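Chains as they are written, first to last, in the UniProt record's numbering: chain A, 1 to 253; chain B, 1 to 253.
Quick caveat, the hints were computed from the structure, so don't treat them as lab data.
Source: prediction; values computed, not measured.
Idealized CB from N, CA, C, for every residue including glycine.
Treat the hints with care, as some may be off.
Output of the computed footprint for chain A on chain B, the stretches with three or more beta carbons under 8 Å from beta carbons of chain A [claimed, not checked]: (1) 12-22; (2) 31-40; (3) 59-72; (4) 96-107; (5) 128-137; (6) 186-196.
Number of protein chains: 2
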Amino acid sequence: MIQINIIGSGNVAQHLIKAFEGSKTVEIKQVFSRKKETLLHLVDYEKIATDYNEIQPADLHIIAVSDNAIAEVSEQLPFNNQFVVHTSGTSSMELLNPKNRRGVFYPLQTFSKNKAIDYSIIPFCLEAENTADFKLLESIAKSISTAVHSVSSEQRKALHVAAVFVSNFTNHLYSLGQEVCEENQLPFAILRPLIQETADKINTLNPIDAQTGPAIRHDSNTTEAHMAFLQNENKKNIYKILTQSIQHNGKKL
Amino acid sequence: MIQINIIGSGNVAQHLIKAFEGSKTVEIKQVFSRKKETLLHLVDYEKIATDYNEIQPADLHIIAVSDNAIAEVSEQLPFNNQFVVHTSGTSSMELLNPKNRRGVFYPLQTFSKNKAIDYSIIPFCLEAENTADFKLLESIAKSISTAVHSVSSEQRKALHVAAVFVSNFTNHLYSLGQEVCEENQLPFAILRPLIQETADKINTLNPIDAQTGPAIRHDSNTTEAHMAFLQNENKKNIYKILTQSIQHNGKKL
């Protein structure tokens, strides 16, 4: 068995713990959390380290903490020349303390608490300083996912930016849509089939070919009526800027 | 059998023709298209009218044309006191010429050519001037969909605005994500599981509870790095405005 430690107790750490549950090739040796209670629903009491000095050597240490804590956590690890990775989309591999061999293990997914996920389709973006470590990382990722990619630090940064656009910003547009519904006594559920179909379409069409609506049709009667309808300055501004961006970028259907 | 005519030959008209194919209670009597060729792959030659005077009475006439053509098309119909509806999300019922009984039959979905759709889950938003006509419209909608709603003109306008946010604007964010990928030699396919999961999440979580990413975490190191990474002024501006909107609206996860 490949033995791994997971350092961290947030969303990503908890989802990784679940992803490796029941794996036939990878075993979680230890996890690190400041408070044992945070992880007791997932991990046996004796496997939870609360002090860095309790962390033992393993084949791989996955640091799953917020970006601004990565450098310090990697410095605190009580050993040298072990293989240590972080899970960040944005931070460079070099942020990890060089006393250990370094790499990146970035799952390109949006993790929410209380929402189960099919880990097998999550793309894992991998990077490592040397080939042997990369191979190990690859076999660990392939034990849970069918979508494993070698991605450089620069590409990973681009991917994270793209992910913010298609996931974080998209979810925020869902929030704004919900607000508009609720302000008009409409159930948000009425929008769900449309949201699903919009996401499904891009499995068979390029987004630019799937673009519909008043903006791409340059239907200024409708876009102006919508702007007038929106009382909220923030929504009005977002409507205007995204409409202009569609008209600037898109081709007409 | 309830007999209906469909006036129009664009995306919505063609999808409605497909939706009623094989219906056991509703029959398409005639369709109207300026050019027979546009609809010959869907409808028999003799059922296609190319002149308004060829349109015969029916239980319902569905005008599925662009918003700015609705008034004129409804005026051209060669009969009075028939039941006539349009399919627009934005236009009021009163845009239809009052020589006929009026209503609205708005399918809340994004229709692209060359993309099959499960019509049974599409929400249909209905409105009619009188109760008997509403009942007929309801039975017609229920013959193809399980999600049939009574929606006033004002609510329908709100719904269309919300739909633009969650569908048209969302699809545009997918386009921008694709551009960022392609500029960095990454396949767009790598983003697809994330896009699917983002849409799936809101079936079980409210969007505001599903919000993740650097904006909602107020992780200014990352948002500033992303802004610096984006060279394109339009993308930079959209990034900034949506980040601010998330931080203004959202609660932290």
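query: So which of those numbered hints doesn't the model satisfy?
result: Violated hints: 1, 2, 4 and 5; rest satisfied.
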